[in-house]
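Given only the sequences and the hints, what does the whole structure look like? Please build it.
Protein chains: 2
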Amino acid sequence: MKNKYAIGIDIGGTNIRAAIVSNKGEIIQKIKEKSSGDIISIIYKIIGNLFSEKVAGIGFSLAGLIDYQKGSVLVSPNLPSVEGEDFVNKLGARFNVPVIIENDANAAAYGELCSGAGRNFSNFVLLTLGTGIGGGIIYNKKLMNVSAEIGHMSINAEGKKCLCGNYGCLESYASATAIISSAIDFLENGRNSILKERNNNYKNITAEEIFKAAKEGDLLSIDVFKNAGKFLGIGISNIINILSPEAVILTGGLIGAWNIYVKEAITVASERAFKHLFKRTEIIKSELMDDAGIIGAAGLVFNR
Amino acid sequence: MKNKYAIGIDIGGTNIRAAIVSNKGEIIQKIKEKSSGDIISIIYKIIGNLFSEKVAGIGFSLAGLIDYQKGSVLVSPNLPSVEGEDFVNKLGARFNVPVIIENDANAAAYGELCSGAGRNFSNFVLLTLGTGIGGGIIYNKKLMNVSAEIGHMSINAEGKKCLCGNYGCLESYASATAIISSAIDFLENGRNSILKERNNNYKNITAEEIFKAAKEGDLLSIDVFKNAGKFLGIGISNIINILSPEAVILTGGLIGAWNIYVKEAITVASERAFKHLFKRTEIIKSELMDDAGIIGAAGLVFNR
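So the sequence lines, in the order shown, correspond to chains Y and U.
Numbering that gives the first Met the number 0 puts the first sequence at residues 0 to 303.
Numbering that gives the first Met the number 0 puts the second sequence at residues 0 to 303.
Just so you know, the hints here were simulated from the structure itself, not pulled from any lab data.
It is possible that some hints are incorrect.
The list makes no distinction among identical chains, and a pair is therefore deemed to hold if it is satisfied within one copy or across any two copies.
[Said to hold, decoys possible] Each computed BS3-like pair below joins lysine-lysine, with the alpha-carbon atoms no more than 25 Å apart:
(1) 31 - 284
(2) 262 - 214
(3) 44 - 214
(4) 225 - 160
(5) 225 - 159
(6) 229 - 262
(7) 89 - 69
(8) 44 - 160
(9) 211 - 29
(10) 274 - 160
(11) 33 - 195
A quick note: this is a predicted structure, and the numbers were derived from the prediction, not measured.
Spelled out as structure tokens, the structure:
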């Protein structure tokens, strides 16, 4: 492919972020728009603005289950307007370049491989730790073309019902949503916390507020993060036992709480995963953070 | 490789089975010995008997964690005498052919790909359902070089302690060992069953006896198999959500109980896995059964 740039576009529930990315995984020019109103029009406008003759293709990254045969989105609970939208054929016809579409966590994993924390590994698993939990699997320096819905692995056979229909999903215990809901449960049951003093309406509390309180020594907040970390550790030990990766790369808003949440996860994984496998697995931070999806989606234009 | 035969050898806890296998995955000549006494000597003798100038290499299949770099067995709870044994270098030096070593469930998965139930799929997961639960993952028509210890995926965060050190492993709920232990628990708690009438010492009961009783309508035995099937279904739904395979191929002694145990697993997986993924996943029986490991280990000589 002679053109050495691609457009990467990450469609999130809050923002649409897009960039021109080089085939070395460097961002050349980046733009961001709110993902409100007519998302499809916004997407087409952004691409129109970024496109030039130097662009070899367009890569999409978004939350949801992808139909790889059709290049469309099967299910995207947070972005229902993109379900079934035929990006691949419409944009391909308009700009006459290849268009690819990938799950956001898969794209982020590929981004970390291109120019992030995964560039020196052949086999790793990326976990996005935020409102939900997503996964992407790199094997032999390639993105695995699989769902990698690691957040929807049941780790509690008879556990909480998840929105996906399953019970006991990792996401229901280790995501920001789970952390918030667990803090609210404790507060409703009358447990003391500076969270209650600070928030008249603690039902609107955020994971950031709980983390701030934890750093100040609030015991409820520390417990909530540690408990979520324990479940994350169980998820990571399952991944280690099944996929024996060289690394598990963590990204998403929750890794700000590394010292409480992720440290607990690493301790639990060290106790639960096969020892020989755990000791060869590095558990590390993303380097690209929010840019991983854009870089990965663009990178897949060159290497799919 | 000009020679079109390889030796496949499967070292089990009870028997050592070996065969000359063609590069089409057909067994040409097969032998079986008890795996008692000096296992290493038996292995070397068997290979000496099967070896000829037509043999391109030797492939081992055995239960345990493999060190792929060194070609040795890191851990094999049922076959401690093979741990650290340097098959690869010793046999390679004696016969001057490549020697490979692979986990038994991985080898069986590759066998099913070569000439069994997996030959028409690109991506599938094999589960061995017996005393323990093992797994092997085929991706893009190749065996993934990963541990695939699917039986040691925790599906119950606070569940039973497993011999591996983890808690709530799939194997602790869905294997023959789990089925036996669950039946004994019920009997000890005084539940009625023809198992008690038939077995003075029900602590030595076998999974076959429980299955026979289930087929005769014994409610305890039916419950025990259905309950194990439910957990197998949870394990399968996790695999579907993570690896979105085209097929899950089941093998091992327990698939004799397909109509109770596996049917329940399929029902549970249909309720718990992502609907779009479940409906594209075939859940089917092994075709090669006990021969899959030998055929796969031999096949890996040609295609690793």
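Check your understanding: In ascending order, which of the hints set out earlier in this document are inconsistent with the structure?
Key -> Violated: hints 3, 8, 9 and 11.
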